[in-house]
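Protein sequences, first through last, are from chains A and B.
Just so we're aligned, residue 1 is where the first sequence starts under full-length UniProt numbering, counting upward by one.
Just so we're aligned, residue 1 is where the second sequence starts under full-length UniProt numbering, counting upward by one.
None of these hints come from the bench; they were simulated from the model.
Every value quoted in this text rests on a predicted model; they were computed, and no experiment measured them.
The reader is advised that the hints may include incorrect statements.
[Said to hold, decoys possible] What follows is a list of derived Cβ distance ranges for each label pair:
#, chain 1, residue 1, chain 2, residue 2, range
1, B, G208, A, R289, 36 to 46 angstroms
2, A, E160, B, P256, 49 to 59 angstroms
3, B, P100, A, G106, 54 to 64 angstroms
4, B, R243, A, E256, 33 to 43 angstroms
5, A, G106, B, E187, 51 to 61 angstroms
6, B, P256, A, N254, 39 to 49 angstroms
7, A, T179, B, P100, 29 to 39 angstroms
8, B, L204, A, G106, 45 to 55 angstroms
9, B, R253, A, S162, 32 to 42 angstroms
10, B, E205, A, A184, 53 to 63 angstroms
11, B, R170, A, R290, 20 to 30 angstroms
12, A, P30, B, G134, 37 to 47 angstroms
13, B, A231, A, S162, 42 to 52 angstroms
14, B, E239, A, D31, 11 to 21 angstroms
[Said to hold, decoys possible] In the EDC-like style, the derived pairs of lysine to aspartate or glutamate whose C-alpha atoms are separated by at most 20 angstroms in a straight line are:
#, chain 1, residue 1, chain 2, residue 2
15, A, K109, A, D98
16, B, K141, B, E124
17, B, K123, B, E181
18, A, K218, A, D27
19, A, K308, B, E163
20, A, K308, B, E124
Just so it is clear, CB atoms sit at the ideal spot from N, CA and C, and this is done for glycine as well.
Given next are the chains, with one letter for each unit.
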Amino acid sequence: MTAVTTDGYQAAFDAAVAADERIEPRDWMPDAYRASLVRQMAQHAHSEIIGMQPEANWITRAPSLRRKAILMAKVQDEAGHGLYLYSAAETLGASRDDLLDKLHTGRQKYSSIFNYPTLTWADVGAIGWLVDGAAITNQVPLCRCSYGPYARAMVRVCKEESFHQRQGYELLLALSKGTPAQHAMAQDAVDRWWWPSLMMFGPPDDASAHSAQSMAWKIKRHSNDELRQRFVDICVPQAESLGLTLPDPDLRWNDERGHHDFGAIDWTEFQEVLKGNGPCNEQRITQRRRAHEEGAWVRDAAAAYAEKHRTAQHTEPGEATA
Amino acid sequence: MTSATTHPTASPDPASAPGTASATARAALALGDDALVLSHRLGEWAGHAPVLEEEVALANIALDLLGQARILLSLAGDEDELAYLREEREFRNLQLVEQPNGDFAHTIARQLYFSAYQGLLYKELAAGDGPFAGLAAKAVKEVAYHRDHAEHWVARLGDGTAESHERMQRACDALWRFTGELFGPVEGLGLGSEVLGSLEAAWLEYVGGVLKQATLTVPERPRRGAWAAGAGRQGLHTESFGRMLAEMQHLHRSHPGASW
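Construct the complete structure from the given sequences, taking the supplied hints into account.
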């Protein structure tokens with residue numbers, strides 16, 4: 001009986017996915033689909049939150065007030081994206097506290113890119129152009145993901161990310177056209193961020209554990225290598241108009257393929273960073289954990305206050321004379 | 001950015017060279033420095049807040065203040081020259097806003113004291129027809145949000161747990177001595193002692209009400225005096241301020257004349 005019913009649900013689910021319909025929180029879905037989405041959305045949310053750190057590193061040193069305002073707004077947006085994504089994950093029965101706990105204890109991952117350090121101001125621009133650019137290339141197809149809440153979150157996130165990406169590009173352009181020292185700073189940042197950005201698309205197709213199933217479920221629409229190629233093809237002319245070079249001697253246009261060929265990615269480095277041995281893994285997670293632990297008394301106070309005033313008749317604090 | 005020499009009211013240091021800059025420029029510098037410095041302090045919280053919603057809220061307040069600072073500093077000269085090329089003795093901000101963040105209660109106490117002051121001051125300026133009326137009318141809306149945010153956190157922390165109560169009380173006490181300066185004269189603003197006195201009375205009534213509602217005790221120690229802190233408007237600052245400026249200005253100063 002149960003098996004028959006589940007089969008019916010499974011058939012309805014499969015038909016909805018095949019017809020490009022959206023799966024919504026109250027719809028039946030396979031356990032593995034749910035688990036896979038929670039894993040992906042949590043990792044995405046964690047990446048937004050950890051991703052605040054390398055950029056926040058430069059807020060207090062931004063070289064002009066205009067740039068400082070742009071950077072602050074961007075880091076604020078990232079916290080907002082984290083909030084959207086945790087909310088979207090909660091529609092699948094996960095809880096934000098639990099997901100954060102998994103991040104803090106290393107049981108869930110975040111994007112490996114944020115384990116690289118921001119050493120100069122130009123890194124802020126390189127992150128905007130390359131890292132956000134790669135993120136957008138990955139995320140735009142997610143706007144058509146089969147799970148409704150994730151797809152809708154991505155529509156909002158992508159709009160803001162595109163804006164950040166243009167700002168990053170514009171920051172690099174200002175440096176590239178600035179003094180020789182500024183130009184060198186920009187080139188150095190692009191040299192350091194190019195390969196890690198290409199790694200953001202994940203392992204090559206023949207080594208990607210989750211890809212085939214995610215594509216069958218229409219969570220993912222394109223393979224890692226397809227998206228990586230698309231990104232390279234977009235970046236090459238942009239680098240040219242920036243007046244900067246990309247650090248790959250094998251990069252060249254292939255007329256036959258209609259794409260750029262590019263050099264081999266150092267997958268050993270990628271694996272090391274994933275394993276926690278990148279330049280900033282320890283620092284990033286320690287800072288996140290510390291912020292959470294040092295904030296515990298604040299969250300406890302808010303909970304105690306809410307509890308006390310849940311039933312008690314009280315005047316809103318805002319009613320004190322102003 | 002644009003060169004200061006093309007700006008009619010610009011001077012490398014309008015505040016410390018009386019007579020070379022207009023009264024408006026001197027007042028704009030004092031109010032702009034308040035907003036600039038507090039915005040910077042709040043920016044230090046990014047990635048360190050106790051809960052994600054506060055990452056958003058603190059950055060939001062910092063951005064509002066930075067927006068105010070940019071408008072105000074532009075009235076006094078070139079915003080970047082003024083922010084990045086003055087030394088600490090030339091800054092005119094209140095000592096309150098330069099105080100280090102401390103714990104979350106400390107940051108919230110500082111915000112309550114300052115936002116209450118700024119709200120009252122801007123309301124006063126918005127009601128007049130002086131050069132700051134337009135700016136103040138816009139800013140007063142932002143400040144009302146900042147003040148509410150601080151006020152609600154003072155209530156939660158003061159009336160939360162025993163630990164949060166103690167931390168909130170300690171923070172209110174520690175910053176109290178910097179609050180007398182809020183109602184000192186601001187050069188060029190043209191507010192007489194009578195107006196300042198009434199702003200101070202309204203501030204004390206409001207802050208006292210918020211603290212009491214939060215089950216906290218209004219600090220009894222002096223708010224001003226010969227020994228007390230409170231000379232930021234004269235360019236006399238506390239020790240941590242120089243370090244804050246060193247961090248803020250380092251990159252800009254390392255590339256003289258560069259555009260960003």
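Quick rundown of the hints versus the structure:
no. : hint                                  : in the structure
1   : G208(B) - R289(A): 36 to 46 angstroms : 39 angstroms, holds
2   : E160(A) - P256(B): 49 to 59 angstroms : 35 angstroms, violated
3   : P100(B) - G106(A): 54 to 64 angstroms : 32 angstroms, violated
4   : R243(B) - E256(A): 33 to 43 angstroms : 59 angstroms, violated
5   : G106(A) - E187(B): 51 to 61 angstroms : 55 angstroms, holds
6   : P256(B) - N254(A): 39 to 49 angstroms : 45 angstroms, holds
7   : T179(A) - P100(B): 29 to 39 angstroms : 34 angstroms, holds
8   : L204(B) - G106(A): 45 to 55 angstroms : 50 angstroms, holds
9   : R253(B) - S162(A): 32 to 42 angstroms : 33 angstroms, holds
10  : E205(B) - A184(A): 53 to 63 angstroms : 58 angstroms, holds
11  : R170(B) - R290(A): 20 to 30 angstroms : 21 angstroms, holds
12  : P30(A) - G134(B): 37 to 47 angstroms  : 60 angstroms, violated
13  : A231(B) - S162(A): 42 to 52 angstroms : 48 angstroms, holds
14  : E239(B) - D31(A): 11 to 21 angstroms  : 59 angstroms, violated
15  : K109(A) - D98(A)                      : 14 angstroms, holds
16  : K141(B) - E124(B)                     : 13 angstroms, holds
17  : K123(B) - E181(B)                     : 19 angstroms, holds
18  : K218(A) - D27(A)                      : 16 angstroms, holds
19  : K308(A) - E163(B)                     : 16 angstroms, holds
20  : K308(A) - E124(B)                     : 37 angstroms, violated
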